[in-house]
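Visitor: What follows is each chain in one-letter form.
Protein chains: 2
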Amino acid sequence: MFYTRKCGEIEESDFGSEQTLCGWLQDTRNLGGIAFLQLRDITGVLQLTLLKKKLGDENFKSWANINRESIILVRGIVKGNKEAPGGVEMLPDNIELMNEAETPLPLGVIDKIDSEIETRLNARYLDLRKTKIAANFQIRAAISGAVHKHLRRENFLEVQTPKIIASATEGGTSLFEMKYFDKTAYLAQSPQLYKQMLMSGGLERVYEVGPAFRAEEHNTPRHLNEFISIDIEMSFANDDVVMGVMERLVATAARAVSKETKVLKTLGIEPIEVELPLPRITYDEAVEMAQGKVEWGEDLSMEATRAIAKQMNGFYFITKWPLSLKPFYIQPDDDPKYSKGFDFMYNEIEMTSGGQRVHDVNLLRERLKEQGLDPEGFNHYLDPFRYGMPPHAGWGLGLDRLTMIFAGAKNVRECVLFPRDRTRMTP
Amino acid sequence: MFYTRKCGEIEESDFGSEQTLCGWLQDTRNLGGIAFLQLRDITGVLQLTLLKKKLGDENFKSWANINRESIILVRGIVKGNKEAPGGVEMLPDNIELMNEAETPLPLGVIDKIDSEIETRLNARYLDLRKTKIAANFQIRAAISGAVHKHLRRENFLEVQTPKIIASATEGGTSLFEMKYFDKTAYLAQSPQLYKQMLMSGGLERVYEVGPAFRAEEHNTPRHLNEFISIDIEMSFANDDVVMGVMERLVATAARAVSKETKVLKTLGIEPIEVELPLPRITYDEAVEMAQGKVEWGEDLSMEATRAIAKQMNGFYFITKWPLSLKPFYIQPDDDPKYSKGFDFMYNEIEMTSGGQRVHDVNLLRERLKEQGLDPEGFNHYLDPFRYGMPPHAGWGLGLDRLTMIFAGAKNVRECVLFPRDRTRMTP
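Note that the protein sequences, when read in sequence, are chains A and B.
Using the UniProt record's numbering, the letters of the first sequence map in sequence onto residues 1 to 427.
Using the UniProt record's numbering, the letters of the second sequence map in sequence onto residues 1 to 427.
Please note that the accuracy of each hint is not assured.
One-sided excerpt, in silico: chain A residues whose CB lies under 8 Å from chain B [unchecked claim]:
{"no.": "1", "residue": "T4"}
{"no.": "2", "residue": "R124"}
{"no.": "3", "residue": "G145"}
{"no.": "4", "residue": "P162"}
{"no.": "5", "residue": "A166"}
{"no.": "6", "residue": "Y180"}
{"no.": "7", "residue": "G202"}
{"no.": "8", "residue": "I228"}
{"no.": "9", "residue": "P384"}
{"no.": "10", "residue": "R386"}
{"no.": "11", "residue": "R420"}
{"no.": "12", "residue": "R422"}
{"no.": "13", "residue": "M425"}
Straight-line Cα separation of at most 30 Å, DSS-like style, residue types lysine-lysine; simulated pairs [what the hints assert, rightly or not]:
{"no.": "14", "chain 1": "A", "residue 1": "K6", "chain 2": "B", "residue 2": "K149"}
{"no.": "15", "chain 1": "A", "residue 1": "K132", "chain 2": "A", "residue 2": "K262"}
{"no.": "16", "chain 1": "B", "residue 1": "K52", "chain 2": "B", "residue 2": "K82"}
{"no.": "17", "chain 1": "B", "residue 1": "K149", "chain 2": "A", "residue 2": "K259"}
{"no.": "18", "chain 1": "B", "residue 1": "K130", "chain 2": "A", "residue 2": "K149"}
Read the hints as simulated data drawn from the structure, not as lab findings.
For every residue, glycine included, the Cβ atom is placed at its ideal position computed from N, Cα and C.
Model the full assembly from the supplied sequences, consistent with the hints where possible.
Guide: Set out below in structure tokens:
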């Protein structure tokens, strides 16, 4: 390692000692006989105080004129200074220029002028140096860490299913096509069918955190064509049981985020509190709450969910959806007008859908026919149901969108390092 | 939940109590007045003892004749029985047939006859029901859990980089091509360039566990066209530092696997012990140890690594490779005939390669030219190096291959749920 301490991790007990620090030279203020430099690393910003008298004319001049965002290594005594950012400063004996930044920068790092998101994404390597932007990805990592920890604690086995698949699953309109040697293949839009195969395979509780791909031509602040999906599937469970897994997971994530006090302070937001159990309303109740914004049997429009959100606060479930609104693999309720499918909501935003699955192969064939699909074309899918498929339920939840909620971001692109949308596939 | 206990989790304190169990009916042995059924779930196998006298002719007959691998729910008193598998049996009062398996099965689950791996992969949903096969995936999940835990403990930030990319990175020969709306895109063969962009972005320590895709036409027990890569990148670090991260990670994984005593017993293997620090030999020493099987400046052939493995045991590093054998982004050593690139080995198997990267943009341009590549074509890649790129190092390690080692498997397909190779893209 090149350094002895990180900028944000110098403690009072270090005061008076010589340390070596590395990072980006964020800013320089030269007042003639004295210059203040800001050194930044991932943990914070530290002030370097240069005294011309101490360093000599030449060193003072060259060090106070290093281009912003260059990589430097500094060695010197650290001490307390109430006026310095973080309350600490270093009086360097030496500054080594490790890698000089060209000038001008294509994007300012500390300048107050806000850039367009397109400009920022083009120079993401500079955009990420802003502490407020990096903070979104620290929130994201806190959530994904909580996901792994929580689902393992609930005895879910982490799995990885293939992203290259041979055929369309839920209709092929939103699949990306690719060449697989001399054949045609597609990118998986969801691990749905694989998760179900694993239920037949007896793994009982599985989860996957991995990419999913949808070739949909939307252009909204909430949709991307490549996203990270958190998926679970669970045997001998119904919709109710997996809603329980979901709410406990989200509560664990909320706790993990609430511990990121420094990051939350950077973002200037309060942590979201999740109190269990989360409210559950039925689709029928939701339609009523939407007060004429939706007819029974229609999907809930943005207008309808906005009306509902006025009466709900934070996370909640909408249960017992009409069977006709759910995919063929969702289990009908006792009254077959309804299903054992649910949506998971945050205010007016749909976070997930899930439900109990059809596990009876004959019912599955019927359901396929009802939705105008030919069961013969689904033999690969149906086989695992013929030889011992338990009742099972599950859901899939977008990590990007969950991060957006917890980070208080308005555009999912703020929480995805290198987003992919209709018009963007670089960098 | 449908059940009160799992088959393998009944304890002495449960003896005499009524329990409900769910699972797969693995086997039936009908002796006339008494029948022994084997109920299997993910935790183990439990004996169900049916007494004709107790249950009546009709129940006895129908329950003792349920097709193997059907899903059943049983309720009854559990008790100790030293002759039963696991030492426990249940005398069921009721058996509910939840989902009947068709007969004959396309693949036996408990039959002693070994099937070809191709047959098994075609019916993976049945293959996975074998406890020895499922065990490989429990080892795999133990390793991936250890990876997340360890890298987070060492302050690595979990990230996800895009799998859809606009252009070839290290030469385009092994890329899968795809349609991205009206453009052509490729599947990422490695997160290499993105990890490096994040170093410029100041995230300092990142890791990713995600799929990687290589369109190589190999056909070996160790290669697949889609695999899970564990990647790290670390700023202000050299090859030596990231080799340290690697060896500590592998030691953590080894400890996690060694705790899976039940799974190891199922597989009939001893846990691999990893003692730190791991041995490090230089490329020059390796060539000498290969005793004429390789000329200096050539890559190590299988024959050469076999000869070396006779003198090395378990995991070790081969350091200081000739620069000419490493990609353009690997940093030259002080003597520029050599590089700061290393390989991580397990006996004769190459597990990873990694190293310190070139962080100076001018050197990078030179290195590209030396390898016959035009720096102009790499502008997207080079930009992050122009405005403050710290020295950095990293590696990428295949989860599939690591699992193969720890599970003692001879073919990587044993440790991948739904492998993708030259000839297989289903199920």
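Visitor: Against this structure, judge whether each hint is valid.
Guide: To see whether the hints hold, each was checked on the structure:
1. T4: 11 Å, violated
2. R124: 7 Å, holds
3. G145: Given a least distance of 6 Å, the restraint on G145/A holds.
4. P162: Because about 5 Å separates P162/A from the closest Cβ in chain B, which is inside the 8 Å limit, the hint holds.
5. A166: This interface hint holds because 5 Å falls under the 8 Å limit.
6. Y180: 6 Å, holds
7. G202: 4 Å, holds
8. I228: 5 Å, holds
9. P384: Holds: closest Cβ of chain B sits about 4 Å from P384/A, inside 8 Å.
10. R386: 5 Å, holds
11. R420: 5 Å, holds
12. R422: At about 6 Å, which falls below the 8 Å cut-off, the nearest Cβ of chain B leaves the hint on R422/A intact, so it holds.
13. M425: OK, holds: M425/A within 8 Å of chain B, min 5 Å.
14. K6/A <-> K149/B: 22 Å, holds
15. K132/A <-> K262/A: Status holds; Cα separation ~11 Å.
16. K52/B <-> K82/B: Given that 30 Å is the threshold and the Cα spacing comes to 22 Å, the pair holds.
17. K149/B <-> K259/A: 17 Å, holds
18. K130/B <-> K149/A: Within the cut-off at roughly 27 Å; holds.
Violation of the numbered hints given earlier is confined to hint 1; every other hint is satisfied by the structure.
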